[in-house]
Amino acid sequence: MQRIPVTERPDLARAAAEHGLEYTAGEGITGWDERAYYQFMARQVDEDIEAAAEEIEGLCFQIVDRALGNEEVLRRLGIAEPFWDYMAESWRNNEKNLYGRMDLSYDGNGPAKLLEYNADTPTALYETAVFQWEWLEHAIEAGLAPKDSDQFNDVHESIVKALPQLGVGALSHFACNPDIEDDTETLKYLEECAGEAELKTCFLAMSDIGIDDQGRFTDLDHRVITTLIKLYPWEWIMNEDFGLHVPRSGVQFIEPPWKAILSNKGMLALLWGMFEGHPNLLPAFFEDDPAAASFADAGTYVRKPMLSRQGANIEIVRDGKTLHHTDGLYGDDAHIIQGFQPLPEFGGHYPLVGCWLVASKAVGLCIREDKTLVTGRNARIVPHVIAD
Amino acid sequence: MKRWNSVPAALVMSVSLIALTACEEPKVDAAVFESLQQCKDEPGMLADQCEANFNEARNQHAAVAPKYTSQEDCQADFGDGRCEQAPYKTTSGGSVFMPLMMGYMMGSMLGGRSSMISQPLYRPASSPNNFRTADNRSAGSTTGRTRVASSATSRPSFKSSTIRRGGFGSSGRRFGSGAT
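As you go down the protein sequences, you meet chains X and L in turn.
For what it's worth, this note's numbering labels the leading residue of the first sequence as 447, then goes sequentially.
For what it's worth, this note's numbering labels the leading residue of the second sequence as 16, then goes sequentially.
Don't take every hint at face value.
Unchecked claim - Think about it this way: if two alpha-carbon atoms lie no more than 25 angstroms apart in a straight line, the pair counts; the simulated SDA-like pairs of lysine to any residue are: (1) L:K104 / X:G661; (2) X:K646 / L:Q90; (3) L:K42 / L:E71.
Claimed, not checked - Where chain X lies over chain L, by a calculated footprint (3+ residues, C-beta under 8 angstroms): (4) 160-174; (5) 182-190.
Read the hints as simulated data drawn from the structure, not as lab findings.
Note that the structure is a prediction, hence the values are computed from the model and not measured.
The beta-carbon is built from N, C-alpha and C at its ideal position, and this holds for glycine as well.
Model the full assembly from the supplied sequences, consistent with the hints where possible.
Set out below in structure tokens:
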């Protein structure tokens, strides 16, 4: 694994416009940086990332299976009782999942460590699936990357193939918070994929969803919603006014309700509890677990809210001192304590390896770089190549 | 924007489904009429029964008919002059259109099949000799006593009218992005 500085495309502004990405002169594309790329060996990607991610996915299914039958665990994860049966049923009925992104700490050697699993509302999808691939074509042509370079990137094809297999209804609705460009772009891309798969779609704001007198959700044209592909976290849905109507709404949700176990960082404690010592896992404990206190006593750990986004409210403690902490709106919630596995550093850049899963198969890679040990909102995606 | 824009594809789909499942899907007795008078004229039908079934279908029409937000879209699917204004408004106050009821299907005339309900029927512009249920199931082209696929006799779904909006979105307003 190497970080190779290169020149960015001279017509980057045009490429950005073509793909609807935000571009600022002097700064480049928001969330994207092609002034370098990471080069992996095929073995690193195949064994250390792809195989590891799929193995972790298998472990995740086992903790979901166990958690859904355990009231104490569900309570600890902060999941409200009216949703317990609903989630368990979605699991028993094999309600299908579409996608997720595992964030791994990996430096090219030894086992990748799972930092967290964005199992419900992952973004950076378009940049991974489409823009990164287009960059590779340019990079080979321009001689920036070796001629026989490859990329771990079957994301687009996998999504187009997976969508029609989800068993969606005649019309699929796509909903998010339209005020957030990142969320909207990701979901619009998924909608395009659905179009490519010849599914009928309708895009709307979460806040535009209505309810009829039978407790069914409706769109702006009063059509009953039967499939909702949402980029809106499950814990928000459950806590909002319409949340209690969800279990009897008859809606097929993508991601399905059982994913709420995996998008909760409490899952890291569940994983460690069930598979302690697994090479791809870091020690992790619910903060109110006595084991968390004894682990933290050693002085080096990471404290994360169970539900937070984009690196908010994370504290890294080393040798008893706070090494780094981030602000945010999630600090009052329950936390976990996790072992500290620093991201590798490449000249002041800290790459986080994201492995995309579609229908539970590892299908692609995106590297997000930040200038700190915690990958936050200012992180930028840096493309990768595979070349031996 | 159309309210029910799936008609053409759905038609194609259900036609092919019927072709595929013609051997499997059981057919059941039913009676299809273009009008109340046609029912009354049918030998062996009781006027009271015709009327009760017609009223039952007529009463469902506004609730179950496919809905459109423009007359043109409705007519594109059901033919010129074959749409009417529905007794609903969109949330922004616009008019809602639906096809005219072109007939009805009754299921209970042979006694014993009381679980089968009467329902309104429509004629799509693409095959104006055929009847379709409000859920776009074929009810054949024959009037009088006939046999139809049993799926066509199921209760048509309600094309809803929303009573409240805005029950989602508050966390997004508070926290911003839901992305991870």
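- Message: Please list, smallest to largest, the hint numbers that this structure does not respect.
- Response: none
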